[in-house]
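Those sequence lines, one after another, are chains R, V and C. Residue numbering for the first sequence follows the working numbering, beginning at 1 and increasing consecutively. Residue numbering for the second sequence follows the working numbering, beginning at 1 and increasing consecutively. Residue numbering for the third sequence follows the working numbering, beginning at 1 and increasing consecutively.
Keep in mind the hints are simulated off the structure, nothing from the lab. Here the structure is a predicted model, which means the values were calculated and not measured. For glycine and all other residues, C-beta sits at the position ideal for the given N, C-alpha and C. Check the hints yourself; a few may be wrong.
Rough simulated footprint, nothing fancy, chain C against chain R, three-plus residues with beta-carbon under 8 angstroms [claimed, not checked]:
1. 13-21
2. 76-83
3. 182-190
Here are the simulated EDC-like cross-link-like pairs (lysine to aspartate or glutamate), alpha carbons at most 16 angstroms apart as the crow flies [said to hold, decoys possible]:
4. 144(C) <-> 97(R)
5. 144(C) <-> 169(C)
6. 76(C) <-> 243(V)
7. 137(R) <-> 183(R)
8. 84(R) <-> 205(C)
9. 74(C) <-> 344(V)
10. 229(V) <-> 344(V)
11. 495(V) <-> 344(V)
12. 84(R) <-> 45(R)
13. 196(V) <-> 84(C)
14. 229(V) <-> 97(R)
15. 84(R) <-> 163(R)
16. 229(V) <-> 205(C)
17. 93(R) <-> 68(R)
18. 263(C) <-> 232(C)
19. 196(C) <-> 250(C)
20. 74(C) <-> 109(V)
21. 144(C) <-> 92(R)
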Amino acid sequence: MRKQVGQHESVKHDARGIARVALGVVAASFLFGFAMVPLYRIACEQVLGIKLSEGAVSAAEASSMQVDPSRTVVVEFMTSVNSKLPWAFKAEKTRVEVHPGELTEVWFDATNQSAQAIVGNAVPSVAPSAASAFFNKTECFCFTEQVLAGGETRRMPVRFIVDPQLPQGTHTLTLSYTFYANELATRNLALVNPSVDGIAKN
Amino acid sequence: MAHAAVHDTHHDAHDHKPQGFLHRWLFTTNHKDIGTLYLVFSMLMFFVGGSMAMIIRAELFEPGMQLVRPEFFNEMTSVHALVMIFGAVMPAFVGLGNWMIPMQIGAPDMALPRMNNWSFWILPFAFTLLLSSLFMPGAGPQGGWTLYPPLSLQGGNSVAFVIFAIHMMGISSIMGAINIIATILNMRAPGMDLLKMPIFVWSWLITAFLLIAVMPVLAGAVTMLLTDKYFGTSFFNAAGGGDPVMYQHIFWFFGHPEVYIMILPAFGIVSEIIPTFARKPLFGYQAMIYAIASIAFLSFIVWAHHMFTVGMPLGGELYFMYATMLIAIPTGVKVFNWVTTMWEGSMTFETPMLFAIAFVILFTIGGFSGLMLAIVPADFQYHDTYFVVAHFHYVLVTGAIFAIMASVYYWLPKWCGNMYSERWGKIHFWMSVISVNVLFFPQHFLGLAGMPRRIPDYNVAFADFNMISSIGGFWFGASQLLFVGVVIHAVYFSKKRAQARVWEGARGLEWTVPSPAPHHTFSEPPVIDNSQLAHGDVTH
Amino acid sequence: MRRALAAPALMVLGMFAHQVAMANPEPWQLNMPKGVTVTSNEVHDIHMIVLWICVAIGVVVFGLMFVAMFRFRKSKGAVAATWDHSTKLEAIWTIIPILILIGSAWPATTLLLRMADTSGSEMTVKVTGYQWKWRYEYVDFFGKDPGINFVSSLEAQSNRARQLGSGIDPASIQVDGVSTYLLDVDKPLVLPTGVKIRFVFTADDVIHAWWVPSLGWKQDAIPGIINSAWTEISQPGTYRGQCAELCGRDHGFMPIVVKAVPKAEFEQWMTAQAPAPAPAPAPAEPAPAEPAPATATTNAPTTAPQG
Chain R
1 MRKQVGQHES VKHDARGIAR VALGVVAASF LFGFAMVPLY RIACEQVLGI
51 KLSEGAVSAA EASSMQVDPS RTVVVEFMTS VNSKLPWAFK AEKTRVEVHP
101 GELTEVWFDA TNQSAQAIVG NAVPSVAPSA ASAFFNKTEC FCFTEQVLAG
151 GETRRMPVRF IVDPQLPQGT HTLTLSYTFY ANELATRNLA LVNPSVDGIA
201 KN
Chain V
1 MAHAAVHDTH HDAHDHKPQG FLHRWLFTTN HKDIGTLYLV FSMLMFFVGG
51 SMAMIIRAEL FEPGMQLVRP EFFNEMTSVH ALVMIFGAVM PAFVGLGNWM
101 IPMQIGAPDM ALPRMNNWSF WILPFAFTLL LSSLFMPGAG PQGGWTLYPP
151 LSLQGGNSVA FVIFAIHMMG ISSIMGAINI IATILNMRAP GMDLLKMPIF
201 VWSWLITAFL LIAVMPVLAG AVTMLLTDKY FGTSFFNAAG GGDPVMYQHI
251 FWFFGHPEVY IMILPAFGIV SEIIPTFARK PLFGYQAMIY AIASIAFLSF
301 IVWAHHMFTV GMPLGGELYF MYATMLIAIP TGVKVFNWVT TMWEGSMTFE
351 TPMLFAIAFV ILFTIGGFSG LMLAIVPADF QYHDTYFVVA HFHYVLVTGA
401 IFAIMASVYY WLPKWCGNMY SERWGKIHFW MSVISVNVLF FPQHFLGLAG
451 MPRRIPDYNV AFADFNMISS IGGFWFGASQ LLFVGVVIHA VYFSKKRAQA
501 RVWEGARGLE WTVPSPAPHH TFSEPPVIDN SQLAHGDVTH
Chain C
1 MRRALAAPAL MVLGMFAHQV AMANPEPWQL NMPKGVTVTS NEVHDIHMIV
51 LWICVAIGVV VFGLMFVAMF RFRKSKGAVA ATWDHSTKLE AIWTIIPILI
101 LIGSAWPATT LLLRMADTSG SEMTVKVTGY QWKWRYEYVD FFGKDPGINF
151 VSSLEAQSNR ARQLGSGIDP ASIQVDGVST YLLDVDKPLV LPTGVKIRFV
201 FTADDVIHAW WVPSLGWKQD AIPGIINSAW TEISQPGTYR GQCAELCGRD
251 HGFMPIVVKA VPKAEFEQWM TAQAPAPAPA PAPAEPAPAE PAPATATTNA
301 PTTAPQG
């Protein structure tokens, strides 16, 4: 195990080489980690055909769908408010019947029952879960923060199209919204603009 | 072979064993000492986790809340699981690997001895962190060992302690796994081909790859929990657009391979012990290796069978059901091969063999309930009930822990040079095997009758079987004190010296060194003699 | 008024509870209940099929093992053979399990397809899990919104008895001679028999799971996410269950009670429950028992029945 002088140099040299390779591996892993997002996007959207974005479907995409008048699907609307948020929230209609491919508009009402301005975020969910890929929203209040002053009521539209490729066995879809308090945004709101604070006005 | 043995005996005289307690144990880089440390630590944690189980069973002895508050009960169930999994079962296997792998492949030590020291000495600190959370204001973890959000995030700052403890355990496991892979792939004695390795070494090689693959996943999952709690992220927070179910997917992507991390080395141990006491070579050596490898592969693609009730799409449920059922095939091959190894053997029933046979029967019962749990419509009834509790205790207690006990009885004479008391070993075995069934078998009935798991109190209808189960629990717990007694007696008091080849039918390099194994073995590589190996003939 | 109606109904149902075999857990119960729906019976059947398959395999494997242990012991002079593999044998015990697995996967698949099919339901109930109680909202009954919405939590007697050191004997809490300790609520979920009922599950705080063994399944209730399941109860009766997902301190103390009554009786109950038709936009609270989750909504009597 005793090293000779000549070997000592080469060991040192080896160590530097290993360090260089190791650093290279670290850099490559880091880049690979960053590449995951675009790679997954390509894999899902181009290869597997899975819709990733929760955002609105573009108008062009929406108009390209053929209305299928032979089929009727019941869409139910469910509303919940998290117990930390003093709002009332309900759908104007609890159910509508639509033809796949048809653009439908429904309205929801949210009321801030407290005296303060509060920011809320709506979280959508579709049941059965397998059908959520076929439920396209072109307009939805769930994409943005909703600011309601104390006592304010707001009517909010949702426009959606049920994809005509919805599996044949599915007859009922449930669209659920749950409103949660956005505590961070509410706090910032009070800091930036105390005048919107409901208490100040009263 | 004889040369190596003589060399080692000679070596033993001036052993290079470091002097002084701290110097020997704290700074050790010797695989045998580190193996001992792991095993002692594991035993300690087994009793820490076991005493929590005693509290659980005492509260469940009869209906009504008699002893503890529900919060404390939840802490007990959560920490019992974490301690048993990460503190008792996994370190025990790493300790056995440390002790036996170099000796079984003819290596002088582990490939990375300093890292070996480090990976052990992280553990006491990790468990101090974890267990100290029990004494903190705001109490310890109460959300189950799976730490499902949002519940686990409702806890106090113990969440951070638990997460850091898990990070440290993960680092320790990954370093241990790297060490084992490096040792097996680089340190084999000349002539010890991969397909001549003992099956215990094979099972550890595959397990080590599983560990490296999944421990980072767990670390990632719990780190996301940490940032959700303290840094305002919303990975799993529905209010911020996150998905609580995503945590379960990530967790079980770790969790299912983890289950096999705790059973594959047990398969290896049992495949060592049964041929020894049947005095007949293991049936289907290569099939056994392929079976372990396929179980390891399947473990990565079945994770969501732990969460059939979260509302997955139908296609997902069907896929995970079929994939899970597939595991029964390689597992079945293993069980049939063990039975066939016994067939036409010449069997004796010393304590290690008794534990190995109990393993085969009781693990198979756990496998049966596992197959039942794979059937999705039936799982809708079984899920999160005592049926599941019975299932995983059959595979982990009568599976993993029985295998660990079998291996301790099997190799203890090699480690300490003395025979244990066969009489008390057998008493320990019969006490354990009867009480463990009294403890866990009635839990199947409770689950089927409708008792959910993780509840501190229950309806009067569940009273009878719970009482039986608790009696079995206390009995099983007390029986393990016998185990400690047998081990201490063998190490310090037994007068009966062990021979180099402790068991008549034993094959393999570890039996060619004297008992006790000297501090340094195979400082010069042994000459491999195929007839001395369990699987010397590579055509099999 | 509600009470007056409920009392005699409860008595009738109490009688039923005895006749329905194993609708609720019984002392020394060994097996899964058959339940009171078509699917729960099928779940029970498939459970029994797989159980007997396992028992059969176990008898063969363990039988051979014990034969080996008695015949091939050294003390009887057995001499070890040296054979150590047989490709034929190994092929056999790879293929036979595959066939058995396919045989049991087939009925499981067809049953799962039926259980997942919520179409054709005539009634929708929304179930929301809270720490540690359930909220039931009757969302839809034959295309109409019944506007019924209440919270159901552990009944007071059990709640007193389950406190640490309460000194109350849990066995003393009974309804018609059957222990209801921890399995009774202040306000049960009343459902009609013979109607396909769709449930929609969600939760407010943490994950819960809604489980009534007699219905044959459980379903997780997850914050922000909705899940659905269905049932069609064939026999009137009281069916008890519990939360099945660890949800914190009182996880063991949030039972579920389903009271199934004939459809006509259910309609009567519904009219008795529904508040006087309120003006549409009023955000007034319906009349729930609990003030705690103060903002759950959905008393929206402004339905536009479409079909």
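Against the structure, the hints:
Counting residues of the region 13-21 of chain R whose CB lies closer than 8 angstroms to any CB of chain C gives 0, so the stated coverage by that chain is violated, three being the minimum. Note: the region 76-83 of chain R has 7 residues with beta-carbon separation from chain C under 8 angstroms; the three-residue rule is met and the coverage holds. With a cut-off of 8 angstroms between beta carbons, the region 182-190 of chain R has 0 residues touching chain C; three or more are needed, and the interface restraint is violated. With a C-alpha separation of about 14 angstroms, the suggested pairing of residue 144(C) with residue 97(R) holds against the 16 angstroms cut-off.
Distance restraint check for residue 144(C) and residue 169(C): the Cα-Cα separation of roughly 45 angstroms exceeds the 16 angstroms cut-off, and the hinted pair is therefore not satisfied. At most 16 angstroms may separate the alpha-carbon atoms for a hinted pair to count; residue 76(C) and residue 243(V) exceed this at roughly 64 angstroms. At roughly 26 angstroms between alpha-carbon atoms, residue 137(R) and residue 183(R) are farther apart than 16 angstroms, so this suggested pair is violated. Taken as a hint, the residue 84(R) and residue 205(C) pair is honoured in the structure, with Cα atoms around 9 angstroms apart against an allowance of 16 angstroms.
The suggested pairing of residue 74(C) with residue 344(V) holds, with an alpha-carbon distance near 10 angstroms, which does not exceed 16 angstroms. A threshold of 16 angstroms between alpha carbons decides the hint, and for residue 229(V) with residue 344(V) the separation of about 61 angstroms lies outside it, so the pair is violated. A C-alpha spacing of about 35 angstroms is found between residue 495(V) and residue 344(V), which places the hinted pair above 16 angstroms, so the restraint is violated. Using a Cα cut-off of 16 angstroms, the hinted pair residue 84(R) and residue 45(R) is violated, with the two alpha carbons roughly 37 angstroms apart.
At roughly 14 angstroms between alpha-carbon atoms, residue 196(V) and residue 84(C) fall within 16 angstroms of each other, so this suggested pair holds. Taken as a hint, the residue 229(V) and residue 97(R) pair is broken in the structure, with Cα atoms around 42 angstroms apart against an allowance of 16 angstroms. Annotation: proposed proximity of residue 84(R) to residue 163(R) is violated, straight-line Cα distance about 35 angstroms (limit 16 angstroms). For the hint linking residue 229(V) to residue 205(C), the alpha-carbon distance of about 15 angstroms falls within 16 angstroms, and the restraint holds.
Between residue 93(R) and residue 68(R) the alpha-carbon distance is near 23 angstroms, which puts this suggested pair outside the 16 angstroms criterion. With a CA separation close to 12 angstroms, the supplied pair residue 263(C) and residue 232(C) stays within the 16 angstroms bound. Note on residue 196(C) and residue 250(C): the hinted pairing is violated, with a Cα-Cα distance of about 32 angstroms set against a maximum of 16 angstroms. Under the criterion of a C-alpha separation no larger than 16 angstroms, the hint pairing residue 74(C) with residue 109(V) is inconsistent with the structure, at around 37 angstroms.
This hinted pair checks out: residue 144(C) and residue 92(R) have alpha carbons roughly 14 angstroms apart, not beyond 16 angstroms.
Hint violations for this structure: numbers 1, 3, 5, 6, 7, 10, 11, 12, 14, 15, 17, 19 and 20, all remaining hints satisfied.
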